[in-house]
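Asker: As a plain string of letters, each chain reads:
Protein chains: 2
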Amino acid sequence: MNTRSDCIALDAQDPLRELRNLFTLPEGVNYLDGNSLGVLPRATAARVAQVVQQEWGEGLIRSWNTAGWMAQPQRVGNKIARLIGAGEGEVVAADSTSINLYKVLAAALRIAQADAPNRKVIVSERSNFPTDLYIAQSLAAQHGCTLELISADEVAPRLARGDVAVLMLTQVNYRSGRMFDMAAITAQAHAAGTLTVWDLAHSAGAVPVDLRGAKADFAIGCGYKYLNGGPGAPAFVWVHPRHTERFWQPLSGWIGHANPFSFDTAYQPAAGIGRYLCGTPAVIAMAALECGVDTLLAAEPLGGMAALRAKSLALTTLFIAQVRERLADHPLTLASPEDPALRGSQVSLACPEGGYAVMQALIARGVIGDFRAGDGSTEPDLLRFGFTPLYTQFVDVYDAVTALDDVLTSGEWREARFNQKAAVT
Amino acid sequence: MNTRSDCIALDAQDPLRELRNLFTLPEGVNYLDGNSLGVLPRATAARVAQVVQQEWGEGLIRSWNTAGWMAQPQRVGNKIARLIGAGEGEVVAADSTSINLYKVLAAALRIAQADAPNRKVIVSERSNFPTDLYIAQSLAAQHGCTLELISADEVAPRLARGDVAVLMLTQVNYRSGRMFDMAAITAQAHAAGTLTVWDLAHSAGAVPVDLRGAKADFAIGCGYKYLNGGPGAPAFVWVHPRHTERFWQPLSGWIGHANPFSFDTAYQPAAGIGRYLCGTPAVIAMAALECGVDTLLAAEPLGGMAALRAKSLALTTLFIAQVRERLADHPLTLASPEDPALRGSQVSLACPEGGYAVMQALIARGVIGDFRAGDGSTEPDLLRFGFTPLYTQFVDVYDAVTALDDVLTSGEWREARFNQKAAVT
Chain A
1 MNTRSDCIAL
11 DAQDPLRELR
21 NLFTLPEGVN
31 YLDGNSLGVL
41 PRATAARVAQ
51 VVQQEWGEGL
61 IRSWNTAGWM
71 AQPQRVGNKI
81 ARLIGAGEGE
91 VVAADSTSIN
101 LYKVLAAALR
111 IAQADAPNRK
121 VIVSERSNFP
131 TDLYIAQSLA
141 AQHGCTLELI
151 SADEVAPRLA
161 RGDVAVLMLT
171 QVNYRSGRMF
181 DMAAITAQAH
191 AAGTLTVWDL
201 AHSAGAVPVD
211 LRGAKADFAI
221 GCGYKYLNGG
231 PGAPAFVWVH
241 PRHTERFWQP
251 LSGWIGHANP
261 FSFDTAYQPA
271 AGIGRYLCGT
281 PAVIAMAALE
291 CGVDTLLAAE
301 PLGGMAALRA
311 KSLALTTLFI
321 AQVRERLADH
331 PLTLASPEDP
341 ALRGSQVSLA
351 CPEGGYAVMQ
361 ALIARGVIGD
371 FRAGDGSTEP
381 DLLRFGFTPL
391 YTQFVDVYDA
401 VTALDDVLTS
411 GEWREARFNQ
421 KAAVT
Chain B
1 MNTRSDCIAL
11 DAQDPLRELR
21 NLFTLPEGVN
31 YLDGNSLGVL
41 PRATAARVAQ
51 VVQQEWGEGL
61 IRSWNTAGWM
71 AQPQRVGNKI
81 ARLIGAGEGE
91 VVAADSTSIN
101 LYKVLAAALR
111 IAQADAPNRK
121 VIVSERSNFP
131 TDLYIAQSLA
141 AQHGCTLELI
151 SADEVAPRLA
161 RGDVAVLMLT
171 QVNYRSGRMF
181 DMAAITAQAH
191 AAGTLTVWDL
201 AHSAGAVPVD
211 LRGAKADFAI
221 GCGYKYLNGG
231 PGAPAFVWVH
241 PRHTERFWQP
251 LSGWIGHANP
261 FSFDTAYQPA
271 AGIGRYLCGT
281 PAVIAMAALE
291 CGVDTLLAAE
301 PLGGMAALRA
311 KSLALTTLFI
321 AQVRERLADH
331 PLTLASPEDP
341 ALRGSQVSLA
351 CPEGGYAVMQ
361 ALIARGVIGD
371 FRAGDGSTEP
381 DLLRFGFTPL
391 YTQFVDVYDA
401 VTALDDVLTS
411 GEWREARFNQ
421 KAAVT
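Residue numbers (our numbering), protein chains in the order written: chain A, 1 to 425; chain B, 1 to 425.
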């Protein structure tokens, strides 16, 4: 069993320990919620100030040319591509995750309609993040399709029935942290004639992703979680080159036009992934996102995503062991996969009584995680802890378990102040 | 004829002159392009830094509650509502202009399909801003409709044929600055059984807009032009309450759900305009937009949009008069309406030879306007000057005409350096 000193020693030996210095971490906070909102990179404030004061304030409209604003979506996209096994020129940063999902799912359905018009089923996981299901619900209605929700274990047999047009999955589940084997499932899907749409919200920057290696079809992901792009950061979109130019996506705005400044009356989609852009780039937000992505690229000389993954698994494995050893007397059960190969970069603990209040009490002690309802539940009974190898330390894991022990042992979570729900949970 | 001293005197008497102090204007620049990208408000840099460093950096995930992030779209929307004759709770700020147009045009088509299924025509102006036409083209194809492009003068007779589902117009044309009478055209449309979608990109914050008074159906607009929200700022969307809850819009992301944090598997749209939200709010960009909108609200004690309109017309009228009086020897013709009632807050001059190079030479002299191809032309033959009454001075108008005279008289625009086209125009 690891003591606190052991954990401090692990941090001292950690080859990635210097990366923590790339971030501004508030005093007295043990932040285990980078899977919801990544922390502030040190470079971001100055870069955003430069964009606001010099590029916008001084350069004004000239900065579209002189400051490279128009190239932002591709430039940031190319950086993200390096984290997800995509090629140069295959990714753009733009809009929100939900909107990008709409683009790729619509494109996937257009391709399916052309190639296999009798397939009318979109399949997803019942416990997928709701916005994915809502967007799929909208597109299913538009395309005369059915959205079928199943459990993770039912995916393979469901595909085998051979009638699924599109399989839409979030690679790492937002509640349990369970991770799908993208390559294996994509192969099953393709064998069954099904296209795949992958949401990388909890995997880009968290685990190694190899979209090209997996022969995936479409992917989108979030900029404000593991990419540290800031609250509501632009998201990203990737399409395998074999599909990119087959159809338009429906959000055919001028920035996705082959030549936006020709001001043609007819839409002519840009070559390649550029056609997945829509409106004018969100310049300020995109600058913050770029700083966030740069924090992950800073790990490249240290082994990149493989090294981050090794540390992530060391952190989550330590957390699970610590909970088992030190919190055995408390009514907590592991709600994340035991098998490291199936685990993302988070660990969820089922806490059937008082999950919400326990997390509030933890936050009051400076340990910030969050909570979600478990699969099939409407109660906030899952305590969720995200471990971000760029800045989470082994001693943070130890201290979080200590704080959780204190909260549960003292019973302080039963106090009224921890049971008042905030507007946003 | 006004001399430069007369113009300085006009500025000294201008009741809105103090509003210029709300902005950071670069030295040596006479900025007449606020219709493309508004200038930087003085408050923005500090506010954005606060959001980045305190709210994000220190508050982290807690700021969704403690800093009011989740309420941003409605809070900023309510401020924009005051500029466009909309009610409290009727506007949200979100996404881009193109994406918001997609939402409202899709909703309008759903209503039209329900109420008048035989109507299959979307009508717009041929010289509308292209992104509007591209989005309409996409939705027309989805809904089995035709997009018909006509000239401004053909709108009334075209409506009278009684087969138009939706009329989609930009109130102030981006090239000529010609302004439609929203109330009159909406009345004609309704008399013909047609719904109206108004793009306020060049009118919100530029001219008084009265959506409720005009009984308009749907409207969207841009955050980075006259609202001074910064490059690629979030846009806004308004729907008349009689339509808001009739249908979903197709971009049914989780932030438009009735209860996003219930994490339901089925979409249930929020009551009211909230259902026009989609993904997580772009917090940093939204903070900059709010500072921009606040610069317009600062005019409220001085007469608000009516006072701004009076100054805008005084500026554009002065510019036209100065061009006529001082530039009569040059081959320039007015490409904007003579009648002030039909004029937005910009003036375009047709410059058949060398429009692009003339503007580059002007910019080199510190007078920043831009250029566009005139209606029916593919050449950049229109010099476009935006007059933003919040910060444009009468002496700026005078000086711009002097610079234009110098450029044309000297022939310096023929120099090679002014004829090399930049990537982004």
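No lab work stands behind these hints: they were computed from the structure.
All residues carry an ideal CB built from backbone N, CA and C; glycine is no exception.
Any given hint could be a false lead.
[Stated by the list, open to error] Footprint (simulated), chain A over chain B, 3 or more residues, beta carbon under 8 Å: (1) 283-293; (2) 363-372.
[Stated by the list, open to error] From chain A, some residues computed to sit far from chain B (all C-beta separations above 10 Å): (3) Asp163; (4) Asp264; (5) Ala285; (6) Gln322.
[To be verified] Now the stretches of chain B that chain A is said to cover, found in silico as 3 or more residues with beta-carbon under 8 Å: (7) 92-101; (8) 262-272.
Asker: Run every hint past the structure and note whether it holds.
Answerer: Now the hints, each set against the structure:
Here the region 283-293 of chain B counts 5 residues with a CB under 8 Å from a CB of chain A, which clears the bar of 3, and the coverage holds. Requiring three or more residues with a Cβ within less than 8 Å of a Cβ of chain A, the coverage given for the region 363-372 of chain B holds, as 4 such residues are present. Distance check for A:Asp163 against chain B: the nearest CB is about 21 Å away, which clears 10 Å, and the non-interface claim stands. Against chain B, the non-interface label of A:Asp264 is violated: not every CB pair exceeds 10 Å, the least being about 6 Å.
Look at A:Ala285: its CB is around 4 Å from the nearest CB on chain B, not clear of 10 Å, so calling it non-interface is violated. Every CB of chain B lies more than 10 Å from the CB of A:Gln322, the least distance being 23 Å, so the non-interface label holds. Counting residues of the region 92-101 of chain B whose beta carbon lies closer than 8 Å to any beta carbon of chain A gives 5, which reaches the threshold of three, so the coverage claim holds. Figure legend: the region 262-272 of chain B, annotated as covered by chain A; annotation consistent (6 residues with Cβ-Cβ distances under 8 Å, at least 3 required).
Going down the numbered hints, you'll see the structure goes against 4 and 5, while the others check out.
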